[in-house]
Amino acid sequence: MTPQNHIELRSVRKAFRYFTLDDLTLDLPPGQIMGFVGPNGAGKSTTIRLAMGLIAPDAGEVRLLGHAMPEHQAIAKRDVAFVSDDMKLFPHATVGWHMNFIASIYPGWDATYAATLVKRFNLKPEQPVKGLSHGEHVKALLLLSLARRPRVLILDEPTSGLDPVARHELLSEFMDVLRDDSRSILFSSHNTVDVERISDRITFIDRGRLVDSRDKEDFLERWRRIQLQLEPGAVLPELPNIVGRVADGSFVTLTTNRFSTALIEQLGSAVREVHRMSLEEIFVASVFHHREVAGS
Amino acid sequence: MYSGLNISQTDARPMYLQIMEQIRQRIAAGDWAAGRELPSIRVLAAELRVSVITIKRAYLDLESEGVIVTRHGKGSFVAEVNGLAGELQEEKLAEHLTAAAELARTLGLTPEDLAKRLERARRSVEKK
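Order-wise, the sequence lines are chains A and B.
For reference, each letter of the first sequence is one residue, going 1 to 296 in this note's numbering.
For reference, each letter of the second sequence is one residue, going 1 to 128 in this note's numbering.
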């Protein structure tokens, strides 16, 4: 039996006046980090709010830790923590006051771990929230979430606006959570470098539609940029799985999302170079290809 | 257990290949002896701050190469193959020779020219 997915969306639709999220299907199994990547306005936050039960879908099913959302959100949320970068703590209360407050609500609060995180993040419990920098504010939010030891951690743009050192500290903490293979993390970001590094699964979303969702290694293995130099007068045959083609005289650059050695054999001596692509390049190429196919 | 491995952001190779290469080097150098236990996948992922799936991929490929053995529920270990270090060196030599042959073809060298150059390189190493 496969373990129950921590997050499960089935053909979810949610329409707003100027934006519609449609036909979204998504799985996050336990023990994995999913990077959720999309341009601004793609529907990342809407998807996360659906998963958290903050809004109800117009159609389709949303399950969090197996509980139907938003109906059973109260049970599900005992084991789920959510952080978004626009969340606000009480400005006049101290970090320590917030820690006591959360500890009084959640029985699973781990005071030892909280104390470790205070040190690691260099926070001062006696400091009022209003004096914190943006980075410290995000760290305080994460501390309050992590010390609850949630099974699912949902993070909306957790690293945006952070300096490289703070980002590094947060990524370390996320990986630490995953030492326990019964926990999982969903995090949205447009920083593809962070996503490429720590994600097991990656989901691309654009204009309210799912573009692609698969294992990170799959993405990196399937996409290649192939540089060709054609003989004078030679014509490139029709090839399958080519999503991009740029020609300049006898030089042609192909982008494929289904790379295979068979493809290289077919192209024969015209092949000059074959390049792997970074997640950012793959993301941009996927989005443009998806928009082309969708006919917009 | 601290592995001492590291990942370079400026290295164009995928992360799992970098990890495989560094583990092979440690085994070839004799630092990681046969039978030594490797860090668990999740521990190494946390230490290097890379995804679990990347480490899994590196371990699977090393296993299919026979460099490491994974015992279910017990962990991964450096394989007990005699002369593994030698084998890895052999492989490296073959790679370098192929690369040299390819370059020679690009430069239009004759096989004799190439052989002469190899002999010259060999002598210069012996002098050291």
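Because the hints were derived from the structure by calculation, they are not lab data.
Even for Gly, the Cβ is constructed at its ideal location relative to N, Cα and C.
Accuracy of the hints is not assured; some may be wrong.
Unchecked claim - Computed from the model, here is a short list of chain B residues facing chain A with C-beta under 7 Å:
#  : residue
1  : P14
2  : A28
3  : A29
4  : R42
5  : R49
6  : V50
7  : S51
8  : V52
9  : I53
10 : R57
Hints, one by one, checked against the model:
With a least beta-carbon distance of about 6 Å to chain A, the hint placing P14 (chain B) at the interface is held under the 7 Å criterion. Checking A28 (chain B) against chain A: minimum C-beta separation of about 25 Å lies over 7 Å; hint violated. Here the hint on A29 (chain B) is broken, as its CB sits about 27 Å from the closest CB of chain A, past 7 Å. Against a cut-off of 7 Å between C-beta atoms, the interface hint on R42 (chain B) holds, since the closest Cβ of chain A lies about 5 Å away.
A cut of 7 Å between beta carbons decides the hint on R49 (chain B): the least distance to chain A is about 5 Å, and the hint holds. Taking 7 Å as the C-beta cut-off, the interface hint given for V50 (chain B) holds, the closest approach to chain A being about 6 Å. For S51 (chain B), the shortest C-beta to C-beta distance to chain A is roughly 5 Å, which falls under 7 Å, so the interface hint holds. Taken as an interface hint, V52 (chain B) checks out: its beta carbon lies about 6 Å from the nearest beta carbon of chain A, inside 7 Å.
Because the smallest distance between the Cβ of I53 (chain B) and any Cβ of chain A comes to about 4 Å, under 7 Å, the interface hint for this residue holds. Proximity of R57 (chain B) to chain A holds as hinted, the smallest CB-CB distance being about 5 Å (cut-off 7 Å).
In this structure, the hints that do not hold are numbers 2, 3, in rising order.
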